[in-house]
Amino acid sequence: MAKRSTLFIRIVEGKNLPIKDITGSSDPYCIVKIDNEAIIRTATIWKTLSPFWGEEYTVHLPPYFRTVSFYVLDEDSLSRDDVIGKVSISKELLTAKPQGVDGWMNLTEIDPDEEVQGEIHLQISVLGERDLPRKLCCQVLEARDLAKKDRNGASDPFVRVRYNGKTYEGTVVKKSCYPRWNESFVFEMDETLNDNLLSVEVWDWDLVSRNDFLGKVLFNINMLQSSQQEEGWFRLGPDKSKHSQYEGTLGSLRLELRLRDEVVLPSSHYKPLTELLSQSLSPQNNILRQRASPYNAFLPILPERQQCYQLTNNAPPPKLPCHKLQGNWPDLIMLIDETTTAESRQEVANNLVKLFLGQGLVKEFLDVLFKLELEKTRVSAVAGMQYLHRLLGPIINRIFEDKKYVELDPSKVELKEAGCAGLHRQQTECDVLQQSSNLLQSYMAELLSSILQSASYCPLLVCQVFQKLFLRVQEQFPGTEHRKVKFIAVTSFLCLRFISPAIMSPKLFHLREKHADARTSRTLLLLAKAVQSIGNMDTLACCSKEPWMVCLQPSIQQGISQLKDFISRLVSCHQTEDQDLDLQTRMRLQCGTMEKEGFLFLHRTKDKCMPMTSPFKKYYVTLSKDNLSYSRTQHSKKSSSISLPKIRAVEKVEEKCFGSANVMQIISSEDLCQQETLYLDCKSVNELNHWLSALRKACSHNTNMMSCFHPGVYKGDRWSCCHQKEKSAKECPFQNALKKQGVLLGCHDKSLHAQVVYLTTQPLSQTFPRRVSVDPEKVQVVSEWAIPEFSTTLRYPGCDKTRHGVTLQEWYDPLDPDLEAQLIYQHLSNIQPTMREKCLNLRQQRGLQEEDSGRDLKKADGLSELFSVLQELHEAHSVVEEEERSRNKNIFLEIQT
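Letter 681 of the sequence shown, counting from 1, is numbered 681 in UniProt numbering, and no numbers are missing.
If you're looking for bench data, these hints aren't it; they were derived computationally from the structure. Just so it is clear, CB atoms sit at the ideal spot from N, CA and C, and this is done for glycine as well. Accuracy of the hints is not assured; some may be wrong.
As the list claims (entries may be wrong) - DSBU-like cross-link-like pairs, simulated, lysine-lysine; straight-line CA separation at most 35 Å:
1) 47 with 404
2) 646 with 175
3) 33 with 91
4) 656 with 683
5) 646 with 514
6) 403 with 596
7) 618 with 404
8) 596 with 652
9) 715 with 91
10) 135 with 47
11) 564 with 47
12) 15 with 91
13) 656 with 564
14) 148 with 618
15) 656 with 725
16) 637 with 507
17) 618 with 240
18) 545 with 135
19) 148 with 545
20) 596 with 801
21) 637 with 20
22) 91 with 175
23) 545 with 47
24) 725 with 507
25) 596 with 715
26) 638 with 468
27) 596 with 484
28) 697 with 271
29) 801 with 514
Claimed, not checked - Now the in silico label distances, taken between C-beta atoms and shown as ranges:
30) 595 with 884: 31 to 39 Å
31) 569 with 393: 19 to 27 Å
32) 833 with 561: 54 to 62 Å
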């Protein structure tokens, strides 16, 4: 059972932003933070007060996150970036609106007293008996992940405890966001107070200026009477918000967000639902294929559908039919279609496509999908993204690297941008137009050559979609006067909805890390226009609308001929599943080859202190499904590698350690004593989070992941983050004991928030009778055990908790069959009342006839089985939720106000 939170984020645009540059404009970009941890940085939109980003992200989060914040900043090349404002959205608001949040939101001024983060570890107890004066004892143990208020990248925190009119202050811990105080404060209790509040505040001490607020926690002591003593970690909250004088004057952002909390049960719970849905697509039951008109199936995506139908039938095109249940299998898929709202239809169809990929029934489902007019489903996103990258990657990279000035419209030619043609010779407008035409024809020739060659590696799923589309339109329009229609049916999707959008916005299709600048963007737009003209298969229409495109007419005409050749080869080829390895990887629905590679700066430590100078060296890093390796160049011999099962943590490093905010650490170990740390320095926050996500997902099945870590480095004789002196675990006393047939066992101790190792020299069968015997020469690591009576405990220190659950979803991530089944179950649960009402109305309208009684009974049994499966899943979820509530019940959380 896994509890997951998935947040869909779309940063659309901004408007009315304030002027931050002397040019009378700004260079805005956005930073997205989850609980004050930066996970996304958008591209910078230069010289505008109304930027458009249009960037989409899917973030997987732990269910206990609190807020998501959007910071808008103005990028400056010579000084620190200016902060414009922010938008904060709480998890409660997202949970209250399951359909999502979509709209314009005003930017607010950033109040330092509200920019708090971190947690504090407290123990609160009541001392004394009823007949004696009682005292309240507040023990402040430690804090973690505090806000950085000083220029050195840290803070100087101290605590201020208030109760019943008295205030105590603790000692100051210098240069640390992970302080350890271990201080106690005792107050005389006053039980007559109605508002019996205890306040624990954390402040940053400053010598010259006023102290900075770091957060506070309030407790109602009246609710502590029954428990007498409680201990735990508490999130620091902000002070009371102040009214901003700039409210409504900082501009606004248009955002789209949707939070999805899912409790995914084990696979066995979803097996009946998956089998029931698969039965509805079995060939012997699929009678629906004989009923739907091919014209109706593709009516919405034929660009000339109305004109062609009028020429063929001398009548206006018919309206789309409303499919009705006729007692035919697959009535279950039809019932889902008829009871699904238009807003969620595309998402449900996407989930079904992914689910049937694992069952080998995607071809049958696509046939039903077309007939039920779910043409908006992006089925090509599953198999087509790798094809798109291989097809467009080289030409897009060439355009970005060339950075040539290209312009065909004479009214937009800027000779200053074009530069000089030779020594002391300025280019004329005619020179610029001729050079631009030659460049675009060169780009088009390379792109069309790549398209023709792609027929051999086009994914099987994409080929099948195009083949069905081509043949059905050919059946509907067999006349010679309509011979172009079957090609237009394919090119209208391939060129207009697939290739052209990727050319115009390569970052949104993960072809480039950053958006194009103005010059490159214009080149991409002109190339996309040429591709659209080829897709429309009409050179005259293009030239009549934009006459300056006439210079490309010969290349466009040649491209139309080549594209027809490509489509003919594509729809006539018959690939086998063995030839389509990329699609096979997707269809297996297993943890595929999560490859990622690129140049990074690395440094590796092994039980030694960090040098004072920068130790990083440039390596080419490759992440495969088995290990993380690196070498000097892309094709040279590997310098070293780390096996993924040996990785214990993948986390960020404090900025003050190396002077960079984009450094991560990979902690690995052969056993539970000796640890090695590999530091990776990334170029940007986006590259950092992409590598973090890829490594965390690759290590998601590791059993010995650490629960805490040090975000600093070990310099001299202590950690830079919390000033602890121990570097790793205490001295391992079991090195010699292992030779005496000792057994080592390890797990996560929740009370210590650390990795704990227990050692016993007794035989395994005596100490752990439930465990099978193992080779005494080897070490066995397990996750659950009974603590031996006499054992040595080794604590692996760490001042911050790990964040294994925070990852970014990538287009190449392997599919999760259990998650897709859970999403289908949730949708069916929401529409269950509508489904029941629909079935009841249809049965009352038609009645039971003798000749159809067997078929109706079969259909009734199938629907009854579906409702029964949904009820069983509902009961399983109820059991899990009850166990979760009982396990997480903590009275100490109730006293926090």
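| request: Sort out whether residue 175 lies within 35 Å of residue 91, counting only the CA atoms. | output: holds (32 Å)
| Keeping to a limit of 35 Å between CA atoms, is the pair of residue 545 and residue 47 held or broken? | Status holds; Cα separation ~30 Å.
| said: For a C-alpha distance cap of 35 Å, please report whether residue 656 and residue 564 respect it. | reply: violated (59 Å)
| said: Can you confirm whether the C-alpha distance between residue 697 and residue 271 stays at or below 35 Å? | reply: holds (25 Å)
| Do the alpha carbons of residue 596 and residue 801 lie within 35 Å of each other, as the hint requires? | Cα-Cα ~26 Å, so holds.
| query | Given the hint that residue 596 pairs with residue 484, does the C-alpha gap stay at or below 35 Å? | reply | violated (42 Å)
| Agreement of residue 15 and residue 91 with the hint, judged by alpha carbon distance not exceeding 35 Å | It holds: about 25 Å lies between the C-alpha atoms, which stays within 35 Å.
| said: Verify the CB-CB distance for residue 595 and residue 884 against the hinted window 31 to 39 Å. | reply: holds (36 Å)
| message | For a C-alpha distance cap of 35 Å, please report whether residue 148 and residue 618 respect it. | response | holds (29 Å)
| message | Given the hinted pair residue 403 and residue 596, is their Cα-Cα distance within 35 Å? | response | holds (27 Å)
| query | Is residue 637 within 35 Å of residue 20, Cα to Cα? | reply | violated (49 Å)
| Does residue 646 pair with residue 514 here, judged by a C-alpha cut-off of 35 Å? | holds (34 Å)
This entry does not satisfy hints 9, 10, 11, 13, 17, 18, 19, 21, 24, 26, 27, going by the numbered hints stated previously.
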